[in-house]
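Residue numbers (our numbering), protein chains in the order written: chain G, 1 to 324; chain W, 1 to 324; chain H, 1 to 383; chain C, 1 to 383.
These are computed hints drawn from the structure, not numbers from a lab. Just so you know, not all the hints are guaranteed correct.
With a Cα cut of at most 27 Å, we get these calculated BS3-like pairs of lysine-lysine [what the hints assert, rightly or not]: (1) Lys134(H) to Lys33(W); (2) Lys16(W) to Lys180(W); (3) Lys33(G) to Lys46(G); (4) Lys16(W) to Lys46(W); (5) Lys46(G) to Lys16(G); (6) Lys46(G) to Lys214(G); (7) Lys134(H) to Lys23(G); (8) Lys33(G) to Lys294(C); (9) Lys180(W) to Lys46(W); (10) Lys16(G) to Lys180(G); (11) Lys23(W) to Lys134(C); (12) Lys16(G) to Lys33(G).
Partial list, derived from the structure: chain H residues whose beta carbon lies under 7 Å from chain W [unchecked claim]: (13) Thr282; (14) Arg283; (15) Ser300.
Quick reminder that beta carbons are idealized off the backbone N, C-alpha and C, glycines included.
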Amino acid sequence: MAPTTLGKALNMGLRKAMEDDPKVLIMGEDVGKLGGVFRITDGLQKDFGEDRVIDTPLAESGIIGTAIGLALRGYRPVCEIQFDGFVWPGYDQIVAQLAKMHYRSQGRLRLPVVVRIPFGGGIGAVEHHSESPEAYFAHTPGLRVVVCSNPVDSYFMIQQAIATDDPVIFFEPKRRYYEKGELDTSITPEPMFQARTVRPGTDLTLVAYGPMVKVALEAASAAEAEGRSLEVIDLRSLSPLDSDTVVASVRRTGRAVIVHEASTTLGIGAELAARVTEECFYSLESPVLRVGGFDTPYPPAKVEEEWLPDLDRVLDAVDRSFGF
Amino acid sequence: MAPTTLGKALNMGLRKAMEDDPKVLIMGEDVGKLGGVFRITDGLQKDFGEDRVIDTPLAESGIIGTAIGLALRGYRPVCEIQFDGFVWPGYDQIVAQLAKMHYRSQGRLRLPVVVRIPFGGGIGAVEHHSESPEAYFAHTPGLRVVVCSNPVDSYFMIQQAIATDDPVIFFEPKRRYYEKGELDTSITPEPMFQARTVRPGTDLTLVAYGPMVKVALEAASAAEAEGRSLEVIDLRSLSPLDSDTVVASVRRTGRAVIVHEASTTLGIGAELAARVTEECFYSLESPVLRVGGFDTPYPPAKVEEEWLPDLDRVLDAVDRSFGF
Amino acid sequence: MTTESSGDLATGEPAGASVPLVQLLTPDGERVEHPDYEFDGTDEDIRGFYRDLVLTRRVDAEGVALQRQGELGIWASLLGQEAAQVGSGRAMRPQDYAFPTYREHGVAMCRGVDPVRLLGLFRGADQGSWDAEKHNFHLYTIVIGAQTLHATGYAMGIQRDGAVGDDDGAAVIAYFGDGATSQGDVNEAFIWASVMNAPVVFFCQNNQWAISVPLERQTRIPIYQRAAGFGFPGVRVDGNDVLASYAVTKAALDNARTGNGPTLIEAYTYRMGAHTTTDDPTRYRVAAELDEWKAKDPVSRVRTYLERNDGAADEAFFAAVEVEADELATRIRRETQEMPSPEPTSFFDHVYVEDTPRLTRDREAYAAYLESFDADAAAVGGH
Amino acid sequence: MTTESSGDLATGEPAGASVPLVQLLTPDGERVEHPDYEFDGTDEDIRGFYRDLVLTRRVDAEGVALQRQGELGIWASLLGQEAAQVGSGRAMRPQDYAFPTYREHGVAMCRGVDPVRLLGLFRGADQGSWDAEKHNFHLYTIVIGAQTLHATGYAMGIQRDGAVGDDDGAAVIAYFGDGATSQGDVNEAFIWASVMNAPVVFFCQNNQWAISVPLERQTRIPIYQRAAGFGFPGVRVDGNDVLASYAVTKAALDNARTGNGPTLIEAYTYRMGAHTTTDDPTRYRVAAELDEWKAKDPVSRVRTYLERNDGAADEAFFAAVEVEADELATRIRRETQEMPSPEPTSFFDHVYVEDTPRLTRDREAYAAYLESFDADAAAVGGH
Ligand SMILES: Cc1ncc(C[n+]2csc(CCOP(=O)(O)OP(=O)(O)O)c2C)c(N)n1
Ligand SMILES: Cc1ncc(C[n+]2csc(CCOP(=O)(O)OP(=O)(O)O)c2C)c(N)n1
Ligand SMILES: [Mg+2]
Ligand SMILES: [Mg+2]
C-alpha cells in the first residue's frame, strides 16, 4: 500500500497484465523508448522487448486495423491513442470493424482489443488535445466503454479491460494522471462494468465519471455545508451504461444531476436523463439536469476553465434542481 | 406541379443549385456517368461537365478533405457518401476539420460543404448499407445536420443546404427514394433548420424524421381509429435540434414518443427526451418514450423488419405512454 | 521479381498501357516461358485448376440466377476473375491465411468453404457464416480496404509466433480491388507491412473498374508499381492466366513465409459482369471492351490447353466436371432456398461475448412483445 | 527531376542511407553545381535569405524562452529546419498558397504573417489568428496529414478557376513531416494529386523523427521515392541548404503552375531541438546525432558563404540583422505578454456563421450566470 499516481497505477496495471499473459501487446505512437507522451507505458519496452511493445508508424487506422489482425491471431493488443482528438483517423476500424466482427461472425471470432484514450481537458493544451469523445463510442453497439477516475480503479480496470474478450475503449482522465491515491494491489477488484456509489447521500444523486468525479465529490462536500446530502456515483462503465445503479439512487433521492466535460447535446447525460426519467417517473421531484461542456468545439486553453464544468456550475445545477 | 419521387426531387434540387451558382460542385464515387448508385446525380455530369461533377478516387477521407480545400478556394462542394456505413473513413476530416475550421479561424474561413448521406435500413441490403449514424454528427458542434422525409423538402432542403455557409450533413432516407409526392417547385420553402408539425393532434406528440415520418403518420392514423389524437412532428433539423417546436407541442399534449432507426442508446431520442423533460417537467403526464433500433449492430436483412421500429412498435409505445 | 524502373513512372505512363505482365498460358492455350516464374505443376494439377475454374464459374452463375429469382438480395459476380482467384487460392498452403473482399468466391472454395455458406450473406440470412479459423479464410469485408490492415496485423502475429523464417512458415494474403488502392487503409497496410517486413502478400485484382469508375481515376501508373514507392516488390501478372497467377502468388507467399517480407501482386483482369446484380454497366462502359476480354477468357484457355495436348485430359474428364458443376449448382440452389431465416430475436445475440444486462432485458421484453401478437391474434387480432 | 530507379527500392535500402540529394551550398559555405537545379538569384537574395534565417531562428528561440517562462503553454521549435522553410517559403509567388503543419513558423514569416500571431495558438489564446486568405497561408493543422488533402483540393480549385497552365499560374504547397507520410490522408492526397494532375507540391521536412519514433518506423526506403509509386516525381533536397531548398521548390512550383502536376520534395534535415517544449529527446536519441547535424547548420553555412565572398556582405549587414532580430524578439515578447485572453463567453462565437437559437440562449444564460458571481461577490461571496 503506497500513494501512487493514477498514471503510475495504469503503468503498473499494464505491466501486471503483460506479466500474466504473454499474448498481451502494447502498440501505438511513442509507446516504446519514450514510454508514451504521458509515460504510461514507461519501461515496458525495455522489459518486454520491441516485439511486445511496438512503436508503430504514425497512423491510427493502421494501429487499430493491425491490432484487429493481431487479435485474430490470438494476441491481446492494447492500443494507445496519443490524445483524444487523434482517434478519428482510426474510427472506421473501430466502429465498422472492431465493434462488429464478433457479431458478424455469430460469435465465432473474438476481438480482445483495448483502445486506451487519454481524454478530457483542463491541461492548457492546444486544439485536439482536450476532447471528450466517449459518447461517440458508447452509441456504438459492440464496443464496451469504460472510464477510470482514480489510481485503484486504474490499476485494476486496465487489467480487467485486457482480460475482457470484447473490445474495450478505455478512457483515462489525463488531467488526473498526476493525482495520487493509496493503492493496495492485493485486494479483489469489483466487477468493471458497474457504477459505484462513492459517497452516499439522501437528497440528490450526482453522477459523474473520469475527471469529473473529483469535482462531484467536492460539490457534495460544499453542499453538505449548506445542509444538502448529495449521493455521488462514479459511472465507470459507459457501455454498458449502468443506469440501474443511478435509477436505484434516484428512486431514493428524487433528484439527479449529471456532469461531464463532453458537449451537453447527445452526451452521456442525455441518455442517462432519458433512462432515469423513464424508470423513475414518479419518484422525480425535478427533471434530471445536465452540466456539460457547451455545444461548441473545445475552446482555446485560456478560456477552458470557463468552458469546463466546475464546482460552481455543478452547485448551480444542484440549486436549480432544488428550485423545481 | 407533378408527382415526383424523393430521389428525383433531390436530383432536380441539385440541378437547380448548379444552375444557380457556378461554384457548386458535385463529388463522390460513381456520381458521374452512373449518376450515383441511387441515380441522385443522374444526368448532371453530362450537362455540367466533368469539372463540376467529379468521379473521385475511392476514398472518403480524400473526398471530404479535398472538398474542404475546394471550399477554401471558393467552391461549394456537395459530396456524396455512397452509403451511410462508408462515411467513417472520412470521419476525421468531418469532425476534426470540416466542423471546426470556421471556429478555429474565429469566423474568417467559411466551409460551405454539403455531405449527402443516403441512410437507414429496410432495403434488404448487406452490412454497412443500412446504418443511421446521425447522432454521431449531431453530437459534433460546428456541423449542421438535416434530414429530409418527402419530395418537397428534398427539393428545397438540398438547395438550402448548399446555400448554407456552414457545413451541412444532409441525410436522405434511402428507402423512401422511390416514394412519390406532389412537387410544386414555385413555392417559397420554409426555413430549413426548423421542425414541422405534419399532423396536428392533442393527446400525444409523436416525433420522427426521415424514413420514420411515414411510419409516424401511419401510427397517428391508426391511433385515431382508437380515439387518440396524435400530433406528428417531422424534426427535419437534428443540429440545431429544434426542440422548441417539440416542447411547445408537449406542453399541450403532455406526452411524447420519439421514433428513429438508430440504436436507442444515445440516439436523437435521448437528447430530445432530456430536453423535453427539463422544459416540460410539469406538463408531462408520462415520461418521453423512445422507439429506436435496438442496441445491437444492424442485423442481417432477413430480420431487419423485426429490428426496425414499425407501426406496431410505435403504437405499443403510445399505449405504454397512456398507461402511465 | 520483375519490377519496372521508375524512370517511366514520372512521365505518367497510362495505368493500363501495355506493360509487361507475367504470363505462362496464352489466351490461345499455349504455355509460354517467363524468365522469373515457372509453373512447376503437372497436367493433373492443371486439370484440378480447370475443375476449380468451372465450379467457381458455375457457383457464380448460380448466384446471379438466384438473385434474379429473388432468393438473394444481391450478388457480386466474379465472372472473368476466376483464374486470378483459383490461381492465388491454390497457391496457399494450409497454414496460410486469406483476407478477402466480398467477391472472393473462388478463393473461398479453394479454402474449402462450402459455397452455400457464401450465399447466406447475399441472401441477408447472416453476415458470413463460415468458420474463418477453420478455413484460414476470414469473413468477407465490405468496407473497402479495411481487411488489408487486418491481414498485415495477422502477419505480424505470425512473426511473433515465430512462424516465419523457413519453408514451413506461414503467410497471409490480402485481397482487394483496383479501386481499393485509393483508400488510406490500403496504403497504411503497405507501410506497416514494409516497415515490419511482415509476411503478407497484397493481391490486387485489377478488374479495371470500381463500380462505374475506371482505373484512370485511381492511378495514373500501373498498380503494381505502387509497391516500389513503399520499398517492396510489385509484379503484374495476367490475372486471366491461372498458371501464372498460381506461380506468382506461390513465389510471393514463399518469399513472405521465409522472412523476405511483402509483395504486391497486380492481377490484371476484367470484371466481365456487372459490379453486382444491382448494377447496370451499360451506363458507363462500351460493349467492345467486353468482347476484347472475352477473347482472353480465363477458363477457355485452360480447356484449350487440355484439349490440345494429347493425354492431358479426355472427354470423360470434361464431362465429369460438367456433371459435378451441375450437381453443385443444384445443391446450392436447393440449400439456399431452404436456408432458414434467423430467429426474430437472434439479433440480440453475439453483440458481446457475454450479454449485457440491458441486452438480456431487451431480448426478453421483445420476445414477450412478439408473443403478445400471437396472443392477440388468437383473440381479436393486433394493430 | 532526379528520381531514382526503383530497382534498388525493392532491396530495402535503408531510408536514411547516403542517397544523392540536391545541394547547392555545402555545409562549409561553398556553392556547388547540380546538373538539374541552379540557384538563379543574386548575393542580395542570399543576404535576404540570411536575414530570414536569422529572424526565423530568433523567433523560434523566443518561442522556447516564452514557454519556459510560462507565457506559452507549449512551443514547437523548428531549430535546424530554417533553411527548408525559408528556401521553400521564398520560392512561393504571391498567388501561391501554403498549407502548413504546426511547425512552419519560418514559412509563415515568408508569407508575411506577423510572428506574434503564431504565438497565440501556443499560448492558448486562440487557434490561429492570422488571416489565412490575406497571406495565402492556411491555419496550422495539428491532426497529422489532414492538410495535405486540403492543399490538394485547393489545387483542384485553382484548376477549375483556369488559373493553371502558364507562367502566371498559381500553385499550392503542402507541408508535412516524415511521420506524416504514414497517414492514410497523405497517401490519398498523393493519389488525388496524381490522378487530377493538381498543381500541388508536397514538401516533406524529413527531420528524422516523429516525436520519439525514428524514420525507419515510417519507411524503409527514402521518402522521396514514395512519389514514384504514385506516378509523379520525387526529389530529395538538402533541407539545410537554403539555396537548394529554394531552387528545388521553385522548380516544382513552376512545374505545378504550368500544368505539369505534383512533385514530392523530401527536405532532408534534422529537428535539432525537442519535438515540443514538453518533450525530452534524451529519452530516445543520442547526443552524437545532434553534433553531427550541428556541423551542417543551415544558418552558419550561409553566413560563411557571405563572409568568404568579398562584397557579398559586410560587418554592418550582419550587425543590422542582429539588431533587427533583437528588436523583433523584444516586440514579440512584449506583445505576447500583453496578448489579451479571450472573453469568457467568446467560445460561443463562430461555431456557425450564424448563431443557432440555442447558442444564443446558452451565451446569454452563461453571461447572466457569470454576472451573478459579481453580484454575489458584491454581497456575501459565492460558493
Ligand atoms: C469505404 C467504402 N466506400 C464505398 C464502398 C462502396 N463500394 C462497394 S464496391 C465499390 C467499388 C470497389 O472497387 P474495387 O476496389 O475495384 O473492387 P471490385 O468491386 O472491382 O472488385 C464501392 C465504391 C464501400 N464498400 N466501402
Ligand atoms: C492524427 C494524429 N496523431 C497523432 C498526433 C500526435 N503527434 C503530434 S506531432 C507527432 C509527430 C509528427 O511527426 P512528423 O510528421 O515527422 O512531424 P514533426 O513533428 O517531426 O515535424 C505526433 C505523433 C497528431 N497530432 N495527429
Ligand atoms: Mg475493381
Ligand atoms: Mg519529423
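Here is what the structure says about each hint:
no.: 1; hint: Lys134(H) to Lys33(W); verdict: violated, 43 Å
no.: 2; hint: Lys16(W) to Lys180(W); verdict: holds, 19 Å
no.: 3; hint: Lys33(G) to Lys46(G); verdict: holds, 7 Å
no.: 4; hint: Lys16(W) to Lys46(W); verdict: holds, 15 Å
no.: 5; hint: Lys46(G) to Lys16(G); verdict: holds, 15 Å
no.: 6; hint: Lys46(G) to Lys214(G); verdict: violated, 34 Å
no.: 7; hint: Lys134(H) to Lys23(G); verdict: holds, 21 Å
no.: 8; hint: Lys33(G) to Lys294(C); verdict: holds, 24 Å
no.: 9; hint: Lys180(W) to Lys46(W); verdict: holds, 25 Å
no.: 10; hint: Lys16(G) to Lys180(G); verdict: holds, 19 Å
no.: 11; hint: Lys23(W) to Lys134(C); verdict: holds, 21 Å
no.: 12; hint: Lys16(G) to Lys33(G); verdict: holds, 19 Å
no.: 13; hint: Thr282; verdict: violated, 10 Å
no.: 14; hint: Arg283; verdict: holds, 5 Å
no.: 15; hint: Ser300; verdict: violated, 30 Å
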